[in-house]
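Please build the complete structure, drawing on both the sequences and the hints.
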Amino acid sequence: MIKVLHIITDTNIGGAGRLLIHFLNCIDRTRFDIAVAVPSGSELITHIEGTGCRVIPTQKGHDRSWEKGAVAEYKSIIRAERPDIVHTHSSFAGKLAAYLCGIKSRIYTRHCVFEMPRRLTTFPGKQINGFINNTLATSIIAVAQAAADNLTETGINPKKITVIINGVEPMRSLSPAEKSEFRRSIGIGEDEFVCLISARLMDYKGHSYLVETAQEVKQQLAGEKRIRFIFMGDGPERQGLEKKAAELGVDDIIMFTGFVNDVAPYCNIMDVNLNCSWGTEATSLALAEGMSLSKPAVVTDFGGNPYVITDGVNGLLVEKKNPHAMAEAILRLVRDPGLLDKLRRGAKSEFEKKFTSEVMTAQIEKLYQDEYERAHKKK
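Numbering (our numbering), first residue to last: 108 to 486.
Calculated from the structure, these hints are not laboratory results. Among the hints, erroneous ones may be present.
[Stated by the list, open to error] For lysine-lysine, the following DSS-like pairs were computed, each having C-alpha atoms within a straight-line distance of at most 25 Å:
| # | residue 1 | residue 2 |
| --- | --- | --- |
| 1 | Lys-484 | Lys-110 |
| 2 | Lys-460 | Lys-449 |
| 3 | Lys-110 | Lys-427 |
| 4 | Lys-110 | Lys-233 |
| 5 | Lys-266 | Lys-449 |
| 6 | Lys-473 | Lys-484 |
| 7 | Lys-484 | Lys-267 |
| 8 | Lys-211 | Lys-266 |
[Unchecked claim] Simulated restraints, written as ranges between beta carbons of each label pair:
| # | residue 1 | residue 2 | range |
| --- | --- | --- | --- |
| 9 | Gln-346 | Pro-283 | 32 to 38 Å |
| 10 | Pro-444 | Arg-189 | 55 to 61 Å |
| 11 | Lys-286 | Ser-456 | 44 to 50 Å |
| 12 | Thr-228 | Glu-331 | 29 to 35 Å |
| 13 | Ser-282 | Glu-426 | 37 to 43 Å |
| 14 | Lys-460 | Arg-189 | 37 to 43 Å |
In this text, a Cβ means the ideal position worked out from N, Cα and C, and glycines have one as well.
Structure follows, in structure tokens:
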């Protein structure tokens, strides 16, 4: 049996944590023995324990890739666990500890995509970054091709990179009666077309442009069709977005939910899933979860979005930072039920082929097996 130690620094349940849970629910326990080092008090602990995997609480690394004393703590854990593979998530201290302990198979996952700073893509920063990461990792998982591109442009050896697209478990499906009741409970009529964006309210997620999109859509429809935009999530941009919505006269069609613990009801009632990112986006879990419910999407052409949404197959792609293009795409779907139905079918088909947690887990298991065999051949 191959022993794997995961090191994750998240104290809340973000994208990396959710992926880890999906993976742990699917991993073949007859072949792999998994333990997870996670910060004490993390919201992830209960969920990890729910998968049946062992949790090792840490005193260091609370939402920090590097922290004084973290390397020593991780080294102590690694020496006690004696894993065959150490798999880290946003933990430079964990990567370094695994290297210093002589672990032969050291994997880390690159979960994000963003425009890389020039200092990391030019001499000497590129060479220094490449040397450090090529030394510390024997293999790297990129959750989107765009994430792999980020890595190579900062000096990472492409031979070390394996692209494994994020996979999720199907979202809970509500009955027609449950959907109707939920719509009624939040004040949305049966005849209203619902567009939903599920993302933290951060500048780079593009909500500000979406407020402008809502204004154009409202003006264009003008009594033709009732439409609602749901901004699901919370964050530092909320007050400014609410103010902008009021100023543009769309506060009546935009709903700010704040943090939502159970997102399934909202996802069940949406007609179209939206993603407006322009600064960071890998393989959006929200898009994949929406597809599991046969929900098509309108997304910007940034980061991993074009690798999740194929224009005309399971959604529509538009230029980033372009509210007009987003509005035109939404209006196409409002006015063309045939196209909407086609994209709904495509969304479900693409999910089942590419974005399930089973597909993702099988690829990671293969990487583990290959890494284990490579390490043992060298002995």
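Hint check results:
no., hint, in the structure
1, Lys-484 / Lys-110, "holds (17 Å)"
2, Lys-460 / Lys-449, "holds (17 Å)"
3, Lys-110 / Lys-427, "violated (43 Å)"
4, Lys-110 / Lys-233, "violated (33 Å)"
5, Lys-266 / Lys-449, "violated (38 Å)"
6, Lys-473 / Lys-484, "holds (16 Å)"
7, Lys-484 / Lys-267, "holds (18 Å)"
8, Lys-211 / Lys-266, "holds (17 Å)"
9, Gln-346 / Pro-283: 32 to 38 Å, "holds (37 Å)"
10, Pro-444 / Arg-189: 55 to 61 Å, "holds (59 Å)"
11, Lys-286 / Ser-456: 44 to 50 Å, "violated (22 Å)"
12, Thr-228 / Glu-331: 29 to 35 Å, "violated (48 Å)"
13, Ser-282 / Glu-426: 37 to 43 Å, "holds (38 Å)"
14, Lys-460 / Arg-189: 37 to 43 Å, "holds (38 Å)"
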